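Asks: Model the full assembly from the supplied sequences, consistent with the hints where possible.
Read the sequence shown against this note's numbering and you will find it ends at 563, with the numbers running on by one and no gaps.
Honestly, the hints are just simulated from the structure, not real lab data.
Computed Cβ-Cβ distance ranges for the label pairs, DEER-style:
1. Gln112 - Phe499: 52 to 58 Å
2. Cys22 - Asp446: 55 to 61 Å
3. Arg511 - Glu26: 48 to 54 Å
Model, not experiment: these values are computed from the prediction. All C-beta atoms, glycine included, are put in the ideal place defined by N, C-alpha and C.
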Amino acid sequence: MTTTTDSWQQKAAAKREAISACIPTEWRLSPDQLKLAEGKRDITGPVIQQFLSDEEKRIVNLDSVPIVEAIKNGKLTAVQVTKAFCHTAAIIHQINPCLLEIFFDKAVARAQELDDYQSKYGRTTGPLHGLPVSLKDQFHVKGVDTTMGYVGWIGGNCGVEDASQTHKIESEITREFLEVGAVLYCKFGETHNHILGMTYNPHNRNLSCGGSSGGEAVLHALRGSTLGMGTDIGGSVRIPAGFCGTFSLKPTPERLSYKDTANTAPGQYTCRSTVGLMGTSLAGVDLGLRALLSTKPWVHDPAVVPIPYREDVYNAYLARGMAAAGRPLKLGIVWNDGMVEPHPPILRGLRLLAEAVRNAGHKVVDWNPPPVSEGCDVHRHMLLADGAHDIHQQLRRSGEPLVPGVAEELKLREPRPLLETHDLTLKGLAYEIKYSDYWNRSGEDDGQIVDAVIMPLAPTAAVVPGQYYHVEYSRAGNALNLASAVIPVTKADKSQDPFDKGYEPRSDLDRKVWESYDPEIYDGAPVGLQIMGRKFEEEKVLAIAQVVYAALLREGKGAKATL
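Replies: Here it is, written out as structure tokens:
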């Protein structure tokens, strides 16, 4: 860890330079190239890929499953694939800084080891053999910093006070990815910090890419990765995926391991963060879940429930969905949360998805659960039950201030008394029961309980930085600890999504969110929606997401991506 008396600004600048220095000279862009790229509103597609060879473009435009298959069948090598994604990630970072750690040299060496193993033994090492996987900068990788964006943890591993363990600790998730054959090559950052600055939306530089796992969604949107690992305590793998037009899965806490992973206020265990998968395809996200569960993480982390991947559940719901004539799915749909009306692009996305699902032969019913404000209030209060003391403790390591935009929300205050947190916990449990009872009653009219719920993940298609006023659409899933997947549905279109001057807001907050919509600014922003199941229903949620997304593609109206 840094021990000099340099200012936090100097330390942050030195770290930025160190990250850039990890990019090979031959991959560095000229000032003119950078200026031209940075002037583009949308940097997807050719803006990035103009700097790649034809072979590299062919590789990075594949998704996780075909990449793994191509390596297994000898059509590609792990080194070829790794170099292609490292090069792409290097280009992306120079144009839209999103990486807090780059270790391409280690990645290529690891890929060579995997190729040598396959050549020697005629088989692969595991289900992700040779696949480059990017990690959020909460997961410890040996020999690499973990700063979580804090200047004070430069040179160390955030949360690891024992200096003898610096750069020696490894998160359980990291160990599992290595066990199944993955190649780790970079760690992405929280999307607004003093080390990197602001990371923007790759589809529309007017907008945010979402956070806190936004760096991963940027990599996916720009084909610098096909599979990565983030965390989610209020929407942090779902919001970025939705904002950037990619896919993600927020599992129920304790389905996957959080062991030896850096976190904010790690002692707060009532409203738990969960690790989540993000990717360029649903099949890739599913592959990642299968691979991690194949390592039996509950053996190494007693907090993980011992539930292997349930192939029978996944196949059953996939079969029901693809052959709706037998027993159609029944899906609830949330048009608004009773507090804030979604912007016009989100409402159009909901209508498109509902129509596609109905046309595929499935049932769609309105979903009006007990007020989500009850659960969200508990969640909001519990997240800062320590009065933001943990955050300020990390800031004091370097003397850096809070970044603009969160200074008021995260200001230092007195922690909540223990008995108050007990009461909040009981209120949260009571709301979970109330919500579950409502779900169970959804079969009273026809004998079929709702299989999953389609809902916004935010009221906006991405968001103008500094104007994210309402997070309850994503927070609800965390308050309830439910499994949820995100799929891209469409894009904001100023010709189809005009501002509705006749809308009458239900509150000052609703008015503030509604009036923040500008069709010109939001034009082209991805519209993602979430599909929410019940606790530990990850396989079911992924299968239903496949069904819903396939229905959308058949209509020819949805965002073009890969299952």
